[in-house]
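Chains as they are written, first to last, in my numbering: chain A, 6 to 607; chain B, 111 to 404.
The hints are simulated quantities; they were obtained by calculation from the structure and are not laboratory data. For every residue, glycine included, the Cβ atom is placed at its ideal position computed from N, Cα and C. Just so you know, not all the hints are guaranteed correct.
Unchecked claim - Here are the simulated distance ranges between beta carbons: (1) B:Y235 x A:P384: 44 to 50 Å; (2) B:R210 x A:K331: 57 to 63 Å; (3) A:E443 x B:T303: 29 to 35 Å; (4) B:T303 x A:I476: 49 to 55 Å; (5) B:L281 x A:I356: 55 to 61 Å; (6) A:A302 x B:P223: 44 to 50 Å; (7) A:E443 x B:T310: 46 to 52 Å; (8) A:E443 x B:V267: 47 to 53 Å; (9) A:I476 x B:G284: 24 to 30 Å; (10) A:E92 x B:T310: 55 to 61 Å.
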Amino acid sequence: MHKKLLFFLIAILVCLSASVFAQEVKFNIDVSIDRDTIGLDEQAIMKIKVSGDSQNLPAPNIPTFSMFEIETRGRSSNFSYNNGVVETSVTYNFLILPKRPGTFPIDQISAIYNNKRYKGNKLFLTVLKDASTINDALSKRAVNATGNSKDYFFEAIVDNKNPYVNQQIVLTLKFYISVRYYGSPELVEPTTTGFWKEIIGNKTPYHQRINNRQYKIIERKYALFPTQTGELDIGRAMIRVTVPSRSNNRRNKSLFGGMFGSGEEVSIRSNLLKIKVKPLPKKGRPADFTGTIGKYAISATANKKVTEANQPLSVTIKLTGIGNIKSIAEPKMPELDNQFSIYRASTSENISKNGNIIGGTKIFEEVFIPKRPGNIEIPSIKYNYFDPKTSKYRFTATKPIKLRVTKPEGYIASGDVPYAAPDLKISSEARDIRYIKENIGDTQPVGQLILENPLYIAVNTLPLLIFAGMIAVRIRREKFEGDIGLARSKTALREAKKRLTKAKSIAHVDTTAEFYVEIYSSVTSFIADKMNISPHGMTIDSIKSLLTEKNAKPELIESIEKILKQSDFARYAASSLTQTDIDADLENAQNIMVDMSGVDFE
Amino acid sequence: MNKLLLYILLACTLVSSVLADTALFDEGNKFYEQKQYDKSIESYNKILDLKIESAELYFNLGNAYFKNGDLGHAILYYMKAKRLAPADQAIRHNLEFAQRFSSLQMEGVELNPVTSFLASLVDSYTLTTLAWTASLFFILFVVALIFRFGLGINRSVVRVSLVLSLLFVMLTSGFTTFKYRYEYLTRRAVIITEQPAVYTGASEQSDIELEGAPGLIVEVISESADFYNVLFENKRRGWIKKGLIAEFWQFFNQSKFLYFIDTAYANIYFNQNNNEKIGVIWRFIRKNNFGAVS
Numbered sequence: 006m007h008k009k010l011l012f013f014l015i016a017i018l019v020c021l022s023a024s025v026f027a028q029e030v031k032f033n034i035d036v037s038i039d040r041d042t043i044g045l046d047e048q049a050i051m052k053i054k055v056s057g058d059s060q061n062l063p064a065p066n067i068p069t070f071s072m073f074e075i076e077t078r079g080r081s082s083n084f085s086y087n088n089g090v091v092e093t094s095v096t097y098n099f100l101i102l103p104k105r106p107g108t109f110p111i112d113q114i115s116a117i118y119n120n121k122r123y124k125g126n127k128l129f130l131t132v133l134k135d136a137s138t139i140n141d142a143l144s145k146r147a148v149n150a151t152g153n154s155k156d157y158f159f160e161a162i163v164d165n166k167n168p169y170v171n172q173q174i175v176l177t178l179k180f181y182i183s184v185r186y187y188g189s190p191e192l193v194e195p196t197t198t199g200f201w202k203e204i205i206g207n208k209t210p211y212h213q214r215i216n217n218r219q220y221k222i223i224e225r226k227y228a229l230f231p232t233q234t235g236e237l238d239i240g241r242a243m244i245r246v247t248v249p250s251r252s253n254n255r256r257n258k259s260l261f262g263g264m265f266g267s268g269e270e271v272s273i274r275s276n277l278l279k280i281k282v283k284p285l286p287k288k289g290r291p292a293d294f295t296g297t298i299g300k301y302a303i304s305a306t307a308n309k310k311v312t313e314a315n316q317p318l319s320v321t322i323k324l325t326g327i328g329n330i331k332s333i334a335e336p337k338m339p340e341l342d343n344q345f346s347i348y349r350a351s352t353s354e355n356i357s358k359n360g361n362i363i364g365g366t367k368i369f370e371e372v373f374i375p376k377r378p379g380n381i382e383i384p385s386i387k388y389n390y391f392d393p394k395t396s397k398y399r400f401t402a403t404k405p406i407k408l409r410v411t412k413p414e415g416y417i418a419s420g421d422v423p424y425a426a427p428d429l430k431i432s433s434e435a436r437d438i439r440y441i442k443e444n445i446g447d448t449q450p451v452g453q454l455i456l457e458n459p460l461y462i463a464v465n466t467l468p469l470l471i472f473a474g475m476i477a478v479r480i481r482r483e484k485f486e487g488d489i490g491l492a493r494s495k496t497a498l499r500e501a502k503k504r505l506t507k508a509k510s511i512a513h514v515d516t517t518a519e520f521y522v523e524i525y526s527s528v529t530s531f532i533a534d535k536m537n538i539s540p541h542g543m544t545i546d547s548i549k550s551l552l553t554e555k556n557a558k559p560e561l562i563e564s565i566e567k568i569l570k571q572s573d574f575a576r577y578a579a580s581s582l583t584q585t586d587i588d589a590d591l592e593n594a595q596n597i598m599v600d601m602s603g604v605d606f607e
Numbered sequence: 111m112n113k114l115l116l117y118i119l120l121a122c123t124l125v126s127s128v129l130a131d132t133a134l135f136d137e138g139n140k141f142y143e144q145k146q147y148d149k150s151i152e153s154y155n156k157i158l159d160l161k162i163e164s165a166e167l168y169f170n171l172g173n174a175y176f177k178n179g180d181l182g183h184a185i186l187y188y189m190k191a192k193r194l195a196p197a198d199q200a201i202r203h204n205l206e207f208a209q210r211f212s213s214l215q216m217e218g219v220e221l222n223p224v225t226s227f228l229a230s231l232v233d234s235y236t237l238t239t240l241a242w243t244a245s246l247f248f249i250l251f252v253v254a255l256i257f258r259f260g261l262g263i264n265r266s267v268v269r270v271s272l273v274l275s276l277l278f279v280m281l282t283s284g285f286t287t288f289k290y291r292y293e294y295l296t297r298r299a300v301i302i303t304e305q306p307a308v309y310t311g312a313s314e315q316s317d318i319e320l321e322g323a324p325g326l327i328v329e330v331i332s333e334s335a336d337f338y339n340v341l342f343e344n345k346r347r348g349w350i351k352k353g354l355i356a357e358f359w360q361f362f363n364q365s366k367f368l369y370f371i372d373t374a375y376a377n378i379y380f381n382q383n384n385n386e387k388i389g390v391i392w393r394f395i396r397k398n399n400f401g402a403v404s
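Looking at chain A on its own, in the form it has when it is part of the complex (with noise of 0.2 Å):
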């Protein structure tokens, strides 16, 4: 209980901090531009972000740059709410025009918030003389057969051209436009059979100044795996993209001076690519190389250190690493047949980007079955890989796993595990159900039922049967002490009967004197107690008017006559009596008792 509150009482004090400190002024601002290298013609994109936990973010504010031009290019904001933490971030993007060639820092642009000034990082921009970045290749595409320079042109270059089998490279498909255009252009992308393709995203539009001239630039890049090696081709892009028609152009500007012009579409085709895939090195495969190719690590956990034996256990395998997560194939698991059943359970895979890489995790998730008890390991798991970087085999691996096996209830060793895999369908194969019982154990009839069983009623009816026995015997023994005529009366058989016992047992000529006397108190005392008066001084003339009040019958009341006589005769003449005598008296006396008891003397 106590412990109970202490975690409650921490609990809140953990919370009331949390938010003690997310009343904390959280403020940032974050630099970044595009490219860190333009040439003097062509302009680079600046983003300011600003982000803080209030709604009223302040605008940065930006030094005069003497080297630059910055043109305001528009701001996006975005709000976020997450576990209760308020989150806005105002993006401001500039156009940044190099004046003259150099590095130079890009800093000290700041904000004030809550009257602090915040800054923000710094950032180096190198402006090239030349617009060197440009390549001749380039300028030469930029240019039609004529020599004049093109309004458009759609280009496709590849990061390598000479990939080993699996090995990622990266497409890019750039659209230069120098000319307005309607609408978006639509995109029909590369056939890239022979290649597992995944689309890494589209850039930011920026510009470019080519011979002279100023183009839009749209960029797409995609990861592309090679799937077999020898010449493969990655197709022709095509983009349709609506631009002022050249013809409407002219007419337009003598008619309505240019300002409806009308547009016609264009399609316009990148260049071709041939891609040479390098098979992979035989020198130094391993023998059990599964074809993964990229940079990985391997780790492995189970969900239990503890286990019972033929009880299943979960154990993860992830692999994580850079390379094409969804060709790559499962560990090979160590020979443990003495030791474990394995059985695969599921696989998944996430795949992220990084940059320009494709990577991620792929997770399988093992089913063990420990087959005996004890401390047994679940040994190193190996993974081998090509690195293409390198051009050389690699290996991974995991830290093995210590388990302790116990012993369940009733275990039997056996080769025979009496478990499968969960997703085995329901056949005498599927074996995950615990093992058979080995003895029969407590039998009973079919069907019985405790409330109808014998025992069970009498169990639960005597206590009752005893406690309203002894009840009664207490409401009885109530009355008794409130009514001391009624319980002599009630009483006055068994004590006469106690003394005729007595009596009984000195019924001798040796004892006379002592047999009369009980035999006189028995009838007197019973008489007296019947009556509820004191048996001293009771005359044989008393009993007979008394009983003959109470309608005793007349030969009764001589007989009790005959017997207190005798009782009286036997005290002073006691040799007088035979054993005879004294048998005769006993029984009269036993049947007068009898007698007495019909008389009514309430």
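Here the structure of chain A is known, so what remains is to put chain B in place on it, guided by the hints.
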């Protein structure tokens, strides 16, 4: 002398029947180990023919049916085993495991929270355990009564014992009654055939309401000559042919003198021999929907 002979004969019969059970049980286990599940089922069923049951017997029978691919019977016998030994982990494990194989999982199952709570409290105990516990407290209560009123002892120990034991009597007998109502009076059955049709009425000419699946547990609400009116856990109901489902507990059906018709509010008991009405027990808590109170 004659009596002695009779006793000896009786003892011999008892011993021989016990030996027969064990022998048949061992035979069933042997067939099971040899993966001859049909034969093992046969052996176990021979013990049931002797009108003898045990949790272990039902458990092994459930296993044999499971291995034989008969999910309905497997669940039926696991449930029977669980009734006799509800705390047995192996039985619970196998029942849960088998239920995962049911091709049809009930959706929209809403149990009454009070019933569910009570059911979870008494789930690990047999009716016998609960009944004897209630009896124990009842005896203690009566002893306290005897001390207080029979012997007239008015000490605080006696008074406290009286109140406490009464409290426990009420609690344990309440649990016992609940268990009895929930598991014995509520007729439950399991579907034992592949995709049995559940009709909207008690005839094959009726529309098909839904299709069941082996291993699904249903509540039997009423019955006609050939059909049971059953209620599924998700409150859907319909008529299913007798023989396509098996009841967990055939207490009333097997009883020599009584059989029982469940109407909405009353249980009417008839003498099976002359169809004379014996009595009616009105049910103030109407049982339906797997124990929901309405």
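Hint check results:
| no. | hint | result |
| --- | --- | --- |
| 1 | B:Y235 x A:P384: 44 to 50 Å | holds (46 Å) |
| 2 | B:R210 x A:K331: 57 to 63 Å | violated (30 Å) |
| 3 | A:E443 x B:T303: 29 to 35 Å | holds (32 Å) |
| 4 | B:T303 x A:I476: 49 to 55 Å | violated (60 Å) |
| 5 | B:L281 x A:I356: 55 to 61 Å | holds (59 Å) |
| 6 | A:A302 x B:P223: 44 to 50 Å | holds (48 Å) |
| 7 | A:E443 x B:T310: 46 to 52 Å | holds (48 Å) |
| 8 | A:E443 x B:V267: 47 to 53 Å | holds (49 Å) |
| 9 | A:I476 x B:G284: 24 to 30 Å | holds (27 Å) |
| 10 | A:E92 x B:T310: 55 to 61 Å | holds (57 Å) |
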